[in-house]
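For the protein sequence lines, the chains are H and U, in the order given.
So the first sequence is numbered by this note's numbering: it starts at 21 and just counts up by one.
So the second sequence is numbered by this note's numbering: it starts at 21 and just counts up by one.
The hints are simulated quantities; they were obtained by calculation from the structure and are not laboratory data.
Do not take every clue at face value.
Which copy is meant is left open, so a pair is good if it fits within one copy or across any two.
Below, a list of computed lysine-lysine pairs in the DSS-like style, where the Cα atoms sit at most 25 Å apart [as the list claims (entries may be wrong)]:
| # | residue 1 | residue 2 |
| --- | --- | --- |
| 1 | Lys-28 | Lys-54 |
| 2 | Lys-177 | Lys-54 |
| 3 | Lys-28 | Lys-62 |
| 4 | Lys-54 | Lys-115 |
| 5 | Lys-244 | Lys-254 |
Predicted model, so just to flag it, every value in this text is computed and none were measured.
Number of protein chains: 2
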Amino acid sequence: MYSVEDLKTIVEDALFSGIHEPESYSSYLEEAQKYSISAGGKRLRPCILLSVCEMLGGNVADALPYACALEYIHTYSLIHDDLPAMDNDDFRRGKPSNHKAFGEDIAILAGDGLLTRAAELMSEDMIGSISAGKVYAFNAILSCAYDMVKGQIADIKAVDVPDDEYFNFVHRNKTAALFLAAFQAGAYLAEADDEVLTDMSKAGIIFGMAFQLYDDYLDIDTDKTLSYAQYLGKDKSKEMIAEYLARLSEIIAKYENNETLRALTLPEI
Amino acid sequence: MYSVEDLKTIVEDALFSGIHEPESYSSYLEEAQKYSISAGGKRLRPCILLSVCEMLGGNVADALPYACALEYIHTYSLIHDDLPAMDNDDFRRGKPSNHKAFGEDIAILAGDGLLTRAAELMSEDMIGSISAGKVYAFNAILSCAYDMVKGQIADIKAVDVPDDEYFNFVHRNKTAALFLAAFQAGAYLAEADDEVLTDMSKAGIIFGMAFQLYDDYLDIDTDKTLSYAQYLGKDKSKEMIAEYLARLSEIIAKYENNETLRALTLPEI
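So here's chain H without its partners, still in its complex pose:
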């Protein structure tokens, strides 16, 4: 079984080799894409996808284009999120954000290019060989990528009096959607049956909700716009995160060879 570090190394290599070769008149496009991809991060989404696929008996190498596609989608969303008209962030993981390094126009197009490349990469893989699992994985990734945009819109256009329903909508879509895609695509690529798919879909949502709430919880004293953690308060937030992780642990415990997936999704916090 691959370790978390193994999977991360596999993903890193594939992410760079999956970007198009730059052409002279348009080389900024791939330069800007590689700039944001090299900003790093834990590669949680692609590693979860590969780990779920392997746990369920699928082939990691075959799942790699889908894992990269998911990370490209995540990366494009960060580039567009940082734009002045959006969150207006000058820095991302300690480096100037994409538009600070390349200009807003290139940043918009680099994001567009990454989203396009994500789908193109999956289409190239399907030309090589087609299976129902691949088509379902591709659909799960795109469907969740659309949900993510819905979550971003809901986040921007906050309601006057936010409540649990509102925060759950934002977290479910803005954050949990791409984790749902990771769990679902991994399962589809392993040709999992409906019962397993249901488990993995639940796991994806639960992990994503816990992930975003924990992220808010870490910034509970500094966030300027009301976060869900601030809305709930420290104690209730901790309680909910623990509850999510207990439910996730219960699902994952049903499966053999779950060590890597546990290491990715159930750290001690």
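Assemble chain U onto chain H, guided by the hints.
Okay, now just chain U, sitting in the frame of chain H:
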């Protein structure tokens, strides 16, 4: 055989029904998408796709998701093109541009959502039933959508001394790519053989080059940044457009039932 008007009507209906139902917290997303889709236009790309498919013996209804995907991609590119950091256009086809009507943040996300929806729509169709032709059509559309972004980058980052090679790169990618996608996807969906595919690929590029040069030619006296038509001059531009259209006509003349495709691509100018 469907007429141009028939195809346009079919496309219009499908474009609107292909957009997701809005949800309460994120309804701006679909509102903004429908706003730009309803701005109209000739629907040239999707109609060419359907027309090529029908001319080559394929089924128009089966090709419709791919035609809509192509138009969503075209529409997202217009929304992002109009942004202040890009062309900064306040109007598009006589209506306020998307960001003028909804704000820059929503416009960025509406574009992202349309590109995502384009790929998602094709994935939904492939879940329904899969064929090699569909996978190739999907790949052709995404590959050309990536080329389009390359063309936009090259257009923005103009070279100091533009020459034929530079202008051809920009026109080939920024404009001709999506017409290439229309011709190729239509042929793939009709399960055309390699020889026909080669013809249709040539036709797509040639029509796209003629289309952009004619567009530049119409604005030859008013364009503020050097266009290819200005670079070539009026006489040479007219000559090149005529040459392109003669070559296109020769290719299309090889095929029976070409009346609708001729009407779409070979108007008297």
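Do the hints match the structure? See the list:
Taking CA atoms no more than 25 Å apart as the test, Lys-28 paired with Lys-54 passes inside one copy only; the shortest distance there is 17 Å, against 40 Å between copies. Taking CA atoms no more than 25 Å apart as the test, Lys-177 paired with Lys-54 passes between copies only; the shortest distance there is 18 Å, against 31 Å inside one copy. Taking the closest pair of Cα atoms, Lys-28 and Lys-62 come within 25 Å of each other only inside a single copy of the chain (8 Å); across copies the shortest separation is 47 Å, beyond that limit. In this assembly of identical chains, Lys-54 and Lys-115 lie within 25 Å of each other by CA distance solely inside one copy; the values are 13 Å within and 37 Å between copies.
Only within a single protomer do Lys-244 and Lys-254 lie at most 25 Å apart by alpha-carbon distance; the minimum there is 16 Å, versus 58 Å between protomers.
When held up to the earlier numbered hints, the structure conflicts with none and fits them all.
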